[in-house]
Amino acid sequence: MSTLKIENLHVSVAGTLILKGVDLEINSGEIHALMGPNGSGKSTLAYALAGHPNYEVTEGSIELDGENVLEMEADERARHGLYLAFQYPVTIPGVKVADFLRHAVSNVRNPDRKEGTELISMREYRKELYEHLDALGVDRQFARRYLNEGFSGGEKKRMEIVQMAMLKPRFAILDETDSGLDTDAVNVVSEGVQRLSSANQMGVLIITHHERLLQYNIPSQTHVMLAGRIVETGDASLAHELHNLGYASVRERHPDAAAEEEARQKRETVASA
Amino acid sequence: MTLTATPLPVTFDEAAFEAFLATRDEPAWVTERRQQAFSTLQDKFEVELDPEEWRRVNLRLLRPQEFSIRSAAGDAAGFDTNLQHAAEFGGRVIHSDGRTQAADLADELRSSGVVFGELNELVKSHRELVERHLFSAVSPETDRFSAWHAAFWTGGTALFVPRGLKVEQPLHSLIGLASAGAADLSHTLIVLEDGASAALLEETASATDEAGFHLGAVELILGQGANLRYVQLQNWNDKTFHIAHQTGRVAADAHLQWTVGGLGAKLAHIHQDVILDGRSSTAEVNGVTFAVGRQQLSYYTQQNHNAPDTRSDLLYKTVLRDRANVVWRGMIRVEKEATRTDGYQRCDSLMLSDHARSDSIPGLEIETDDVRCTHGATTGRVDAEQIFYCRSRGLTEFEAMHMIVEGFFHQIYDRIPVQAVRDVLGAAVEKKLGIG
Chain A
1 MSTLKIENLH VSVAGTLILK GVDLEINSGE IHALMGPNGS GKSTLAYALA GHPNYEVTEG
61 SIELDGENVL EMEADERARH GLYLAFQYPV TIPGVKVADF LRHAVSNVRN PDRKEGTELI
121 SMREYRKELY EHLDALGVDR QFARRYLNEG FSGGEKKRME IVQMAMLKPR FAILDETDSG
181 LDTDAVNVVS EGVQRLSSAN QMGVLIITHH ERLLQYNIPS QTHVMLAGRI VETGDASLAH
241 ELHNLGYASV RERHPDAAAE EEARQKRETV ASA
Chain B
274 MTLTATPLPV TFDEAAFEAF LATRDEPAWV TERRQQAFST LQDKFEVELD PEEWRRVNLR
334 LLRPQEFSIR SAAGDAAGFD TNLQHAAEFG GRVIHSDGRT QAADLADELR SSGVVFGELN
394 ELVKSHRELV ERHLFSAVSP ETDRFSAWHA AFWTGGTALF VPRGLKVEQP LHSLIGLASA
454 GAADLSHTLI VLEDGASAAL LEETASATDE AGFHLGAVEL ILGQGANLRY VQLQNWNDKT
514 FHIAHQTGRV AADAHLQWTV GGLGAKLAHI HQDVILDGRS STAEVNGVTF AVGRQQLSYY
574 TQQNHNAPDT RSDLLYKTVL RDRANVVWRG MIRVEKEATR TDGYQRCDSL MLSDHARSDS
634 IPGLEIETDD VRCTHGATTG RVDAEQIFYC RSRGLTEFEA MHMIVEGFFH QIYDRIPVQA
694 VRDVLGAAVE KKLGIG
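From first to last, the protein sequence lines stand for chains A and B. With the first letter of the first sequence counted as 1, position 252 gets the number 252 in this note's numbering; the numbers rise by one all the way through. With the first letter of the second sequence counted as 1, position 174 gets the number 447 in this note's numbering; the numbers rise by one all the way through.
Isolated chain A (complex conformation) (with noise of 0.2 Å):
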């Protein structure tokens, strides 16, 4: 059993204060829902997870089974289990979806692999990858294209949660993973994201503004940001109260955040004015 630990999180982003105190924990196997409203911060919480060198951590902890994941790079909590489905998933032109992820998958299943040594052995490990194509319905040929370059919005995130499913990570953060995707896509990915966190005892963190993805992964607690802080935790029912009603309701009730929002919106208009 393991816990991802998120206490009072402060996080900045160029200067400007985002995440304003945010407390979080998630064990093994459980499956925590994150909803909200644009610009509350979740993908903020996102990058600070990940390591994004731009998201400063100004306040509070982060901590994976006791250790200080703070101090560690971008990297090393990949290789410590953490992962991240980006919501815009970037091209890199080139590099081939397979060498790419031999390489990830080798360092981290091998967390001391030095750089240049050995990677995993290539039958297994095309085995692999290959039943995980075939899972996520994305033809075997987009191993040999280039990291996507090209692909549609909805081959990019079905290729996030295939890297996610080789790297087997003890806790993903998915952001936003079903946007942009088809009926069709949703459910294949729905799919998949249930099947990795009941057969690994992975524990999920998904950010979305749908319910899709909630339906086939049930949440056992549905969290809501507002203004850099979780200002409610609920279950099941609350995501699917505020995917029918919005977050009106949510600001009524916690009237300071629901200010700040407001106040920050405000500056950014006059800002981008």
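The set of hints was computed from the structure by calculation and includes no laboratory data. Among these hints, one or two may not hold up.
Unchecked claim - Simulated restraints on C-beta separations:
id	chain 1	residue 1	chain 2	residue 2	range
1	A	LEU17	B	ASP482	49 to 55 Å
2	A	GLN141	B	HIS628	38 to 44 Å
3	A	HIS210	B	GLN684	21 to 27 Å
4	B	GLU658	A	GLU191	25 to 31 Å
5	A	ARG140	B	GLY566	42 to 48 Å
6	A	ASP256	B	GLU658	42 to 48 Å
7	B	GLN692	A	ARG267	55 to 61 Å
8	A	THR3	B	GLN692	47 to 53 Å
Stated by the list, open to error - Straight-line Cα separation of at most 25 Å, BS3-like style, residue types lysine-lysine; simulated pairs:
id	chain 1	residue 1	chain 2	residue 2
9	B	LYS705	B	LYS512
10	B	LYS705	A	LYS114
11	B	LYS704	A	LYS96
12	A	LYS20	A	LYS266
13	A	LYS114	B	LYS704
14	A	LYS114	A	LYS96
15	A	LYS96	B	LYS705
Using N, Cα and C, we set each Cβ at its ideal position, and we do this for glycine too.
Given chain A, work out where chain B should sit, using these hints.
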């Protein structure tokens, strides 16, 4: 040294030339040509270099008086390059400090009529082959460097493949510098008769970290229907100067594939001309350069279409880091007769730091209608988001950088059919990235 008129450096002045000639045991026709070239050299030092080609080259860094031609070779044992072990070669020539160290050729190639070896020997033993072709593609009259080379050339690698013969095994040529202040003025001459084919993999290397000076010339002469793959991998240490005129002349239906790798040198300038002389001749030019530190690499490329239905395709890929500077100035020139020409040129740069500088200047000069000529240049930066993405998958920063750079070069690797060259370029790139 400057672009404008300048006196001859003392190590290459008249007295030095006479002393040099005295050390050479050469046929009269060679000496006469040298004397002509020296006279041209004296004239060329009186005139300004073409600013279009040279103004972006910081020639002031080059002090030619600090370099001289050696009467004895430095140690050739120090040239432990990857390329020489990367393939089974049909023959090899090795030079050090402008002196030949070794020349050999497989017996079956020799008996089938292939001539491959050291130019100094071949001017004596194969006058009829050499005299006709030497300086037929690179003219000594071009500028002071071509004249300089033509007066003082120290030797070089020469290959002649007779009509219709297909040489399957690649040949290897190594140009090395070993002693401090040594000058190498080696000349590479390749002649393929009609229908012949061959591959020559040539590399330059430094045995030490002493400064050297290479003033070279490359002539590639392809008969009708010939097929040549020529690679020159410039891998000097970062104190060495490299200036060269390189020209390929391609007759009808012949195909030249020419790959240049620019990895080493403090300052390098290569004038690379492809001349498509015959109908339906084609050329593919590949450039891979990786400059770091304060390296300055410059390429002046011309694709000359002199006949109808000719096709040229040039792709340079440049990676820069630190304060490195790479210049590519390209020109496609289409003559009046060269209808239905298909010309392409492109240079892509990838910057790994904010202080590096890349200048890519494509150009077209077209004298006829009914042609298709396209050019392009891009400059990109290794994106912090790409690095972060890789790292979030467990790759270290170096591995991420390596992946991205390898990916950038991949398009070129895909075009090079010689596995040994891909491997060597890949290994050289790794070394530059500090992970080899």
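Status of each hint after checking the structure:
1. A:LEU17 to B:ASP482: 49 to 55 Å: holds, 51 Å
2. A:GLN141 to B:HIS628: 38 to 44 Å: Once the Cβ atoms are compared, 41 Å apart, the range 38 to 44 Å for B:HIS628 and A:GLN141 holds.
3. A:HIS210 to B:GLN684: 21 to 27 Å: About 38 Å separates the Cβ atoms of A:HIS210 and B:GLN684, which means 21 to 27 Å is violated.
4. B:GLU658 to A:GLU191: 25 to 31 Å: Given a distance of about 29 Å, which is inside 25 to 31 Å, the answer is holds.
5. A:ARG140 to B:GLY566: 42 to 48 Å: Taking Cβ atoms as reference, A:ARG140 and B:GLY566 lie about 43 Å apart, which means the hint holds.
6. A:ASP256 to B:GLU658: 42 to 48 Å: violated, 34 Å
7. B:GLN692 to A:ARG267: 55 to 61 Å: Holds - the Cβ-Cβ distance for B:GLN692 and A:ARG267, about 58 Å, lies within 55 to 61 Å.
8. A:THR3 to B:GLN692: 47 to 53 Å: holds, 50 Å
9. B:LYS705 to B:LYS512: Roughly 15 Å between the alpha carbons, so the hint for B:LYS705 and B:LYS512 holds.
10. B:LYS705 to A:LYS114: At roughly 18 Å apart (the allowed maximum being 25 Å), A:LYS114 and B:LYS705 satisfy the hint.
11. B:LYS704 to A:LYS96: Measuring from Cα to Cα gives roughly 22 Å; hence the hint holds.
12. A:LYS20 to A:LYS266: holds, 19 Å
13. A:LYS114 to B:LYS704: Given that 25 Å is the threshold and the Cα spacing comes to 16 Å, the pair holds.
14. A:LYS114 to A:LYS96: holds, 21 Å
15. A:LYS96 to B:LYS705: The given pair, whose Cα atoms are some 22 Å apart, holds under the 25 Å limit.
This entry does not satisfy hints 3, 6, going by the numbered hints stated previously.
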